[in-house]
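A.B. asks: Sequence:
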Amino acid sequence: MSVDLFPNDRFGAEDKYDNFKDAVKECSWLIEEIVKPQLPNIIDNFSKCLEMLESDQIFKMPVSNGIPNESNKQNDSPTVKGVITRQGQYIVDFHIVVRFPQFQRGKQVMFRMNTGLNFLLIQFSKIMTHLKNILEILNQLQVATDVSEFVSKFGVAMELLNHSLILLQNPPRDLVFPEDNNFAMKEMFQDCYSVCESTAHILGLELTLCRNELCIELRNLIKVTKKPWCEIDSKTGRSFCDQIRNQVTNERNKTLSKILSENGVQVQDSTLLNHIISSFQSEAITLPEAQELLRRGVTFDNRVVMECEKLIVSTSDPTLISISAKLNSLKASMANHQANLVASKQLSTYK
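For what it's worth, this note's numbering labels the leading residue of the sequence shown as 1, then goes sequentially.
Since the hints were derived computationally from the structure, they do not count as laboratory data.
Cβ coordinates follow ideal geometry from the N, Cα and C atoms, glycine included.
Treat the hints loosely; a few may be bogus.
Unchecked claim - Distance ranges between label pairs, derived from CB positions:
(1) K223 with N328: 37 to 45 Å
(2) S316 with Q38: 30 to 38 Å
(3) Q102 with Q247: 46 to 54 Å
Given only the sequences and the hints, what does the whole structure look like? Please build it.
C.D. replies: So, in structure tokens, the structure goes:
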């Protein structure tokens with residue numbers, strides 16, 4: 001036995017039916033009978049996630065890139081080892097020993113967070129704010145009667161949930177190199193540059209959430225001292241290197257040599273003698289040297305640097321792993337409701 005379904009088929013004359021009113025009733029039925037009964041469970045799960053984030057429980061997590069110091073002396077690889085301690089949205093203790101072969105001739109450098117200082121994990125804090133806002137919206141939806149208002153606010157809650165999941169996976173641009181301007185280093189360690197800076201190098205530190213884990217990135221950066229490449233415009237915060245790179249992008253009809261000449265930079269031939277001469281003349285530079293500076297040079301913490309060594313380590317945080325799983329499950333459930341609500345609302349707005 002088979003059944004044929006005919007969309008919008010009606011008993012009796014078509015003019016006796018109001019499609020708009022029927023669609024509104026259908027959307028209202030969907031809200032009252034399907035979505036609202038699920039809200040208490042959804043609210044409960046969001047509350048549990050927020051409770052985990054706000055917990056005062058202390059988590060101590062090891063930090064290591066897995067290369068022993070003895071092995072490191074043989075293969076000359078960077079190493080890091082230590083412990084990071086989190087309580088709620090704050091890092092309350094951070095103690096690591098770092099070694100970069102090209103920094104201070106491979107000497108081990110110790111970083112110990114200032115006693116009594118709490119370093120705010122901005123992504124963590126933003127996720128907590130989002131979850132609080134989501135809970136407020138969902139509680140309002142439990143008593144909401146207007147169909148349009150319900151669908152609109154449910155959509156806002158979904159946007160906040162999606163943004164929370166993005167924050168768990170990837171840090172915002174202003175928290176990573178070079179836009180972060182060594183924020184974590186300056187916030188966590190008193191007089192940090194007495195430890196992380198040498199004559200020719202500076203160490204950079206990032207501490208972010210990435211792929212549901214606490215991620216630490218350490219960089220050994222070479223200072224660019226050649227003028228005018230190291231100069232920073234005090235008004236724009238952009239370096240000479242940034243300006244030339246931008247001009248090369250916008251004026252593709254010009255050669256690099258011509259652009260450099262227009263900006264007062266002498267381009268020398270890549271011979272040994274001229275290379276030696278150019279090293280003593282601040283404005284003179286060979287074309288390969290200029291290309292290397294444009295390729296690698298970045299403005300960082302009011303100076304121009306080039307990365308020469310990098311370490312990336314992550315440590316599993318049980319709270320982040322659990323919350324990520326819960327939020328992804330909530331997203332799947334809420335996305336299904338949202339798709340049905342949007343489809344139903346579109347019908348109700350069509351006359």
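A.B. asks: Indicate, hint by hint, whether the structure satisfies it.
C.D. replies: Hint-by-hint comparison with the structure:
no.: 1; hint: K223 with N328: 37 to 45 Å; result: holds, 43 Å
no.: 2; hint: S316 with Q38: 30 to 38 Å; result: holds, 32 Å
no.: 3; hint: Q102 with Q247: 46 to 54 Å; result: violated, 31 Å
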